[in-house]
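Q: Line order of the protein sequences matches chains A and B.
So the first sequence is numbered by my numbering: it starts at 57 and just counts up by one.
So the second sequence is numbered by my numbering: it starts at 57 and just counts up by one.
Read the hints as simulated data drawn from the structure, not as lab findings.
Wrong hints could be hidden among the right ones.
If you want a taste of the chain B side facing chain A, the calculated C-beta under 7 Å gives, among others [said to hold, decoys possible]:
1. Leu60
2. Ser117
3. Met119
4. Ile300
5. Ala303
6. Ala312
7. Pro316
8. Ser317
9. Tyr319
10. Leu320
11. Leu322
12. Arg326
13. Ser328
14. Met329
15. Thr330
16. Val363
Where a beta carbon is used, it is the ideal one built from N, C-alpha and C, also for glycine.
There are 2 protein chains.
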Amino acid sequence: MSSLSNRQIKLAARPVGLPKASDWEAAVSVARDPEPGEALVKVLYLSLDPAMRGWMSDQRSYMPPAKLGEPMRAGGVGVVVASNDPALAAGDYVYGWLNAQEYATLKAASLAKLDANVAPLPAYLNVLGGPGMTAYFGLLDVGKPQAGNTVVVSGAAGAVGMTVGQIAKIQGCRVVGIAGGAEKCAYLVDELGFDAAIDYKAGPVAAGLREHCPDGIDVYFDNVGGDTLDACLARLAMRARVVICGAISQYNATSAIKGPSNYLSLLVNRASMTGMLVFDYRDRFPEAVRAMVGWMAEGKLKSREHVVEGGVAAFPETLLMLFRGENFGKLVLHVADA
Amino acid sequence: MSSLSNRQIKLAARPVGLPKASDWEAAVSVARDPEPGEALVKVLYLSLDPAMRGWMSDQRSYMPPAKLGEPMRAGGVGVVVASNDPALAAGDYVYGWLNAQEYATLKAASLAKLDANVAPLPAYLNVLGGPGMTAYFGLLDVGKPQAGNTVVVSGAAGAVGMTVGQIAKIQGCRVVGIAGGAEKCAYLVDELGFDAAIDYKAGPVAAGLREHCPDGIDVYFDNVGGDTLDACLARLAMRARVVICGAISQYNATSAIKGPSNYLSLLVNRASMTGMLVFDYRDRFPEAVRAMVGWMAEGKLKSREHVVEGGVAAFPETLLMLFRGENFGKLVLHVADA
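My request is simple: use the sequences and hints to build the entire structure.
A: As structure tokens, then:
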């Protein structure tokens, strides 16, 4: 029987506004041995995602809320410690819903085997994981960019935004990123090849859009909502496509969220605004992974992770970095070494 | 030389909020004789449309603002009094931008000849005119209803809404209209065959939607914006299509217009919200007119006009009926008899 001590971060209460310490509970259990068909996984890296804030609320949405009293739902990368299923063996690297804990015992069928030689493990939580798949299908399938189009992406220094911008460049688009701070903006242009970046902390986004999108916006990929969405709506080109991927500026709102006042720009410009969820594209993930791996090999696509140390205990504080705009690249918590 | 006295209602000022008397100026001129290529038209019926409020403002939109000091822009039906173009002859009935006046001298090429035997003249401002074309292409091309879908339309007792609902029934959809007042709601169900109608003056729209759209809304055709749009967004079915045709509840707003707080329902339901303008479909109007005439002949489509008497002088007061929800069917001003 396993005697592995398993530290866990459980959701203790449904937050109002920004999650606070009392919404969490640190606990220690013993890792459960795998039953037939299961594997015991040591958690190495956990993904921290804006969508987690929605999962913490008790609201009807695209998936059930995270359960109170259980380790917080989180995707992660780990290594198999013990397997009771022929599909996995000790030493295999896997991706799955490992949750906020040090060890996870899960059905082997719910885990995807990873090749650590293709990319570093954290990249499987970024370009080759959920954010990468979101960027790929959200931009290409919903945004439908054409070469020469002007593509604007907000949250551009976040996991999804960085990849959206790079894929748009690969498609021959003019790309403008919106991010917070000079360092992030410089990186987008100098390292990732964006045509321009607008620092929303330095001045009104509308002025930046006027300067950098003289012919309007053909595709706006929205990760933030709020005033930025409104500024982009006001600048749409004819037949523009707005992809609604997220709204991080609104996730901790304690009053009604801010709807886009400028939505009638959709009418004036015969434009559309469409919501997307990456889970719908699960069957096509292999297509996207192949494309991403190819672009990475060609040096056209970078996977930048912001890895935070501190083990699983740092989960609650690390999550807040997303809502403070403190992450620079995909936010990942380093839980343990293999 | 013409000595026809021509009463005109000119736009005197750009309104703030609801148009008021001082925003208009009544004038009398003499009708201008047609130059080569022109025709002189006696105005019989003028169309009153919610979109007019937008044209009165000095804002960048899909067409230039109506000009100050000129007769207010309005579509109308008239009869040719004198023609200086071989394409038209005295006695011909025509549709065109006749504007708020008793006589219009226009390029013959800008006028469309009408057959008064096919439908009564006011129907050319309704089902066979702009509102009908808007309903046809907005519903079928943008809303893409499938048989069995639940289609909800707001402003359902207005010109566009009535036709949207009837076409949706013809497509085999379940149709729910939102309108103000018991009489209008009864008419939609009893006379036009809607499956249900929600009286927004009698109670919360959300409760009506819960009752009448148990499986959610597949297509929402929005003519009103505001709280009604939000209530419908909260009730979308998966992959729903929201058609943004207008927002009459917001056109007279003096502060920022109300954006749809529930727009993230687009994400949760992978739904889309798309703006449409009827002018884009001009090349396909004949297709729609053929369909409409056929459905009218089969008794499946009714064209109900709300004809106001009073001549062109009544234009300013009549326009306000739209924003008070006082029209019941397509609002038309009777300017003169042929």
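Q: Confirm or reject each hint.
A: Going down the list of hints, with the structure as the test:
| no. | hint | verdict |
| --- | --- | --- |
| 1 | Leu60 | violated, 38 Å |
| 2 | Ser117 | holds, 5 Å |
| 3 | Met119 | violated, 10 Å |
| 4 | Ile300 | holds, 5 Å |
| 5 | Ala303 | holds, 6 Å |
| 6 | Ala312 | holds, 5 Å |
| 7 | Pro316 | holds, 4 Å |
| 8 | Ser317 | holds, 4 Å |
| 9 | Tyr319 | holds, 6 Å |
| 10 | Leu320 | holds, 6 Å |
| 11 | Leu322 | holds, 4 Å |
| 12 | Arg326 | holds, 6 Å |
| 13 | Ser328 | holds, 4 Å |
| 14 | Met329 | holds, 5 Å |
| 15 | Thr330 | holds, 4 Å |
| 16 | Val363 | violated, 28 Å |
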